[in-house]
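**Student:** Each chain, letter by letter, is given below.
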Amino acid sequence: MADPFPEVRPNRLWGLSRLVPHLALFAAIIALWEVSVRAGLITSIMIPRPSAIGAAIVDLYFVTGTIWPHFFVTLTEAVVGFLIGAGIAIALAVGSSLSDPFKRYVTPYAIVLNVTPGIALTPIIIAWFGFGMGSKMALAAVISFFPIFVNTLTGLTQPDGEREELFRSLGASHVQIFWKLRVPSALPLMFAGLKIGLTTALIGAVVAEFAQATHGVGVLMNRFSFQLNMGASIATLLSMTLIGLILFYTMEFLDDRTVFWRREERRAAASRARARAWKRRTGK
Amino acid sequence: MAATAISRGMPRSGMSTGMRRILTHGGIFVALILAWEVGARTGFLDPLFFPKPSAILASFWRIYFVQGNIWYHLYVSLGLVFAGFAAGSILGIALGSLVGFNSLVRRFIKPYVIVLEATPRIAVAPLLIAALGFGAQSKIAIIMLVCFFAPFINTLSGVVNVNEEKLELFKSLGASKMQILRKLVLPEAVPVIMAGERLALTAALSGVLVAEFIQRDQGIGSLILVYTRNLNMASAFACIFTLTIVGFLIFKGMEILDRRIAFWNHEDGMARVGALRKGRWAKQAEA
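Those protein sequences? They're chains X and Y, same order as listed.
Residue numbers for the first sequence follow our numbering, so the first one is 1 and each next one is one higher.
Residue numbers for the second sequence follow our numbering, so the first one is 1001 and each next one is one higher.
The hints are simulated quantities; they were obtained by calculation from the structure and are not laboratory data.
The structure displayed is predicted, hence computed values, not measured ones.
Just so you know, not all the hints are guaranteed correct.
Covered, in the sense of this in silico footprint (three residues per stretch, anywhere, with C-beta under 8 Å from a C-beta of chain X), are these stretches of chain Y [unchecked claim]:
# : stretch
1 : 1018–1031
2 : 1124–1135
3 : 1229–1237
4 : 1242–1254
5 : 1259–1268
Beta carbons: idealized from backbone N, C-alpha and C, even for Gly.
Produce the entire structure from the sequences given, and follow the hints as far as they go.
**Tutor:** Following this line, the structure appears as structure tokens:
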């Protein structure tokens, strides 16, 4: 998806002064919500009071600590599933980019996998891999596969004729062309795919937990909402958001570190570090 | 590339490259299916988990023509998909343009969008079922929610990311706001919005399945669930391949729709509409 907020990053002080109206608005919304639920304008079964959600969060995280095992189970399922899916996707994409026949053999199956909603496989995957964490990882791997595969393949095969000609005329080997030209120019797209894949992996883990599981935030969510304990179920939903944010920003951080040449300040930092290392090595 | 050149240089058999390729791929596909069939028959693959391809074909025949029970479930699920998709994408486009054209709202809504983006939106399904009760309305609400986001974000970014230089040109030539919207913003935003719609419709198909997995009364999702619970894997696979076909049709349908609506983004669409306009103009000139 395209970036809807194309803005220059403001400096820190300006950002701080801009934070105040945001916080005020947030507080106002919460207050209005609380008041209207208390006054009976909104049924508390459909939308609970913010204070009830807050109380549930405190209870789940700090008083009883019920959520922690579930939280880590889901996080592990999503991450392991994502790693499996991404590993297969990247291996197949690299193979397809290196060999045309290989690509022709892989693509039709990848496309079939793409148009089938991966979620539909949930019951079958549970029958295959059981009620435990294995089935959740498998579903996460299946549905995170395609965005990563497509983005990596597109990145690796995007035509870059002039640069490739330069590499060839300087006598670069195939291996050098692959590592120094193809991979660096594919990385930004690849990371975009990995970000999408990571979010989908979380969805896969949670949906598989809805279907059948013993542990995980999905189970907790199902349990609370069927008890009509809406405060706790929204608190669980917010924990899923938290997992999503943790995963997303980890990826964003890795992206920032790996594809350092795309952002000005990161590039400056990386080249300063390289200059220091160079000086140390040459002893100057 | 190299392979094509070589095979073009040496016409070994009378066949074209494309023909031979189709044969090779078909051969490999048939070999895979045969290996699967043999593996399942000899007990190498557990038929409980990997049903024989012939059994899958047989249950295709059964659920479509003998019993014909899949039609009703397909009808229910697709009805929900399109209802939820229409509602969700209209809401998404409306809110997206509202936010996009108003820079103050945009600034304040940004953190909420980020939080919403990180939440697995399908996860709200049990909550919505608890709030709205069992039945079609909660399913449609789930699909709506799943469909809402992609059109919203894409409309927003399509409206916001207007080419600055073009905008300046428009303004300096004294274009009205309406003209800027119709002749500059929309032509650039509509292809992006259509891309969002495509994502949304795919998401809608997943959304209906999740809704039906949780609320197992009718629809293709509950059919898959029931078949798997009964360990009737062949029929479950037949349902999944049905969804592959549905997914493919949806994909193609959206592509055709994209060519119709955002015709200026495609070579053939441009040619078609150009010819149409030329004909209309010629008629006008005659009159």
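**Student:** Indicate, hint by hint, whether the structure satisfies it.
**Tutor:** Right, here's what the structure says about each hint:
Residues of the stretch 1018–1031 of chain Y with a Cβ under 8 Å from some Cβ of chain X number 3, which satisfies the need for three, so the listed coverage holds. Taking a C-beta to C-beta cut-off of 8 Å, the stretch 1124–1135 of chain Y contributes 8 residues in contact with chain X, enough for the three needed, and the coverage statement holds. Coverage of a stretch by a chain is defined here by at least three residues with a beta carbon nearer than 8 Å to that chain's beta carbons; for the stretch 1229–1237 of chain Y and chain X the count is 5, and the condition holds. With a threshold of 8 Å between beta carbons, the proposed coverage of the stretch 1242–1254 of chain Y by chain X holds, since 6 of its residues qualify and at least three are required.
A stretch counts as covered by a chain when three or more of its residues have a beta carbon under 8 Å from one of that chain; for the stretch 1259–1268 of chain Y and chain X the count is 0, and the coverage is violated.
Hint compliance for this structure: hint 5 is the single one not met.
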